[in-house]
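Protein chains in written order, with our numbering: chain A, 8 to 172; chain B, 25 to 316.
All the given hints hold, so there is nothing to weed out.
With a Cα cut of at most 30 Å, we get these calculated DSS-like pairs of lysine-lysine:
no., chain 1, residue 1, chain 2, residue 2
1, B, Lys-33, A, Lys-124
2, A, Lys-161, A, Lys-39
3, B, Lys-53, A, Lys-52
In case anyone wonders, no lab produced these hints; they're calculated from the structure.
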Amino acid sequence: MTKKEKFQLVENYIIEHQNDYYRLAFSYVKNKENALDIIQDSIFKALNSIDRLEEERYIKTWFYRIVVNTSIDFIRKHGRIQAMDDDILHSFLPEQHDLEKDYDLYEAIDHLKEPFKTIIVLRYFEDLKIDEIAEIQNENSNTIKTRLYAALRKLRINMEEKVQL
Amino acid sequence: MKKLQDAKKKYEEVEIPEELNNIVKNSIKEAKRKQKKRKPIKQWGIGLVAAAALFTTSVNVSPALAQSLATVPLLGQFVQVVTFQAIKLDEDTYNADLKTPNVTGLENKELEQMLNEKYIAENEALYEDFQKEMKALEEAGGGHLGVTSTYEVVTDTEDILSISRYEVNTVGSSSTTMRTDTIDKKNQILITLPSLFKNDAYIEAISTYLKDEMAEQMANDSNKIYWIDDQEEIGFEFEAIRPDQTFSITEDHKLTISFDKYEIAPGYMGVLTFEIPTEVISEFLISDYYIK
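Next up, chain B with everything else stripped away, as it sits in the complex (with noise of 0.2 Å):
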């Protein structure tokens, strides 16, 4: 055993680094601050727990679609949007229900991820923006408030699968948010409005043409109203969409474009979607691949 216990010595001989300390230390401080990190995402729902009833669910939005593309062969892909997370809270005054949405089935893991990450975040910063405006009202002596979020697939075809989210926000009257986004099946990329042109042209000519559709409408029906002139002089005209305006593909390949509730309208016109005639921004497409 002497043996051993020389070569247990040269074991002991080892020198210690300087430096050994600070890293156990700073190891110890980045672990902390990771699991802090991860902590909205777990009060979220544990402090739900008591109030609310937590539930995690997966639907297949679309079982007959579902079905069709899993018999045909050649496409191995199968992209489904389930709901992820589903938060209620249900107190007198105050309500909160809040669905996620979850992208499964895409090929290309780092935009799944992407969109799906993306999701939770809305979802989260709605949820706390929500508890402080609830604490603020508390303060304040009461009130009523709400916020509702939720999903639709407003396009799954072989090509393309669209998801739309809805927020509403509830203060006495409210207001309504809506993003979308649309997700090229095939090649796995995300669609974004500016990158179906060749260049800016079509922020005018759709915005022309909204313009006047607008105007018909009013024309034609006494109740529509749009601020496309500041007649009631609320000091807000819709002159342009933005770049990035919310936009979808729908099934038979039209581009349609949509508003908040108040952006271009009164409340009580909603969300707004109007579809674009393709003859409208045909020349500036860059292919009729996707909008045709």
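The following block holds chain A by itself, in its conformation from the complex (with noise of 0.2 Å):
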């Protein structure tokens, strides 16, 4: 594969599943300008490191690592953006009828602690393997797994919390 080659293939992909990278920084950062910053920050990255790519089966892990590490560098650098007050949100909002507890659900993955949370959104929201997510984590895929057991246990005492206040 030359370099120009490889740059087609790259540009190609990050163009075909550009909504999947876009929510998921979004996911991070929840606020439109600062989730297209990540992406166009990513895509510099990995344009420029494409010699890093070794094989074109990489190319979905090697991206996802790139926008993950971004999202994760951008929120320690300049904190997290408060999400509205739910009670502000529903007032914009249509009447949403028990959609609250799901909001939950997504709020309390959104508290968790790295790298629990990306664990979680990469396996149940995105759909990637455990390998793939070893892969991106650069760990072993039994290291993820315990990860995503322990994220688990995690989110559902976060739910009994809520459920008996």
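Combine the two chains into a complex, taking the hints into account.
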């Protein structure tokens, strides 16, 4: 694979999957402008370090890793933009019935610490395999599995607390 | 798992902004553009590997000085000039030999970067011109062509670092240009000729002195010719230095002024450097800090 072919391949891949990666970035920063910034940064990083992509089959996990790291870096640098209060949010949104609990889980996931949050998002929202997540996080599959269970356990605890309230 | 699926729905409901597609495409374009921009340097290297020996070497220009500086505890700054890139192209009738200096150890990184980028750009431009001329010559049936660039640390004291770069172009006869940068190591600034003086009066003072000096040298030595009076009707005579004429400061704090080959004299005179007696310019100097 020549560098030019590689470039073309990555270019096509990014364009084709841009929506997935935008959602992923958004899940970290919860804000359009910042999510777009992360996508832009990730593209620069990817195309500038294209030499590090060794084989075509790694494109997916390679680019996921770049977007995940760029997002986490962004939060580390800028702090998290506070999501709107639920009360205010509801005054803007049309009446929704029974979505409250899903919101809670969605929010609970958001409050997980790294790397647990990323693992949950990649596994259940992006439907990646454990092996793929292992590649992205540069860990072995067993470690990821252990962390995934730990993350689920934490979520259940969180959920129960909320239910009790 | 029901709940996770609902949360996923939430995750997927995030609205994709209209501008995403454009931002993605523009970012790709921009990344490509940047890669192209970086290419000349890369090609410069790679393109030559076949025909040329490319080597980058670090030379401590004056080990003795470096050592003496290192032993003076207060002089933490450790400014050095090393060869950053050397390029050699040696073919029958085409020769290129380019050395790029690289200043290291300045605390003022902006200045350091500015200088080093300038030096790289100078040699890149030189090599590009050389390749163009080579092509033109080739098409015209071949010929001799050479370009050499090198540098010399002319002054390196506790206070001052002065680096001269020479470019020699050979097409039949050769032309030489020289540029010098003088840095105040303590204050980490680049010294320019006008910055030494209160006003423009130095131009006339130095020019008048030089014309007298040239006339005197010509009177004493018939081998010396300066174009100060247009006797040979070559259509040029030296009238005055440029405000930013090439200059340097010597170890003993004297100002020197330099001229490229052919600038004020026939080619055989080469690059010319004159030391200016301080009394000629003292009344125009801002201070005697650099020049005494």
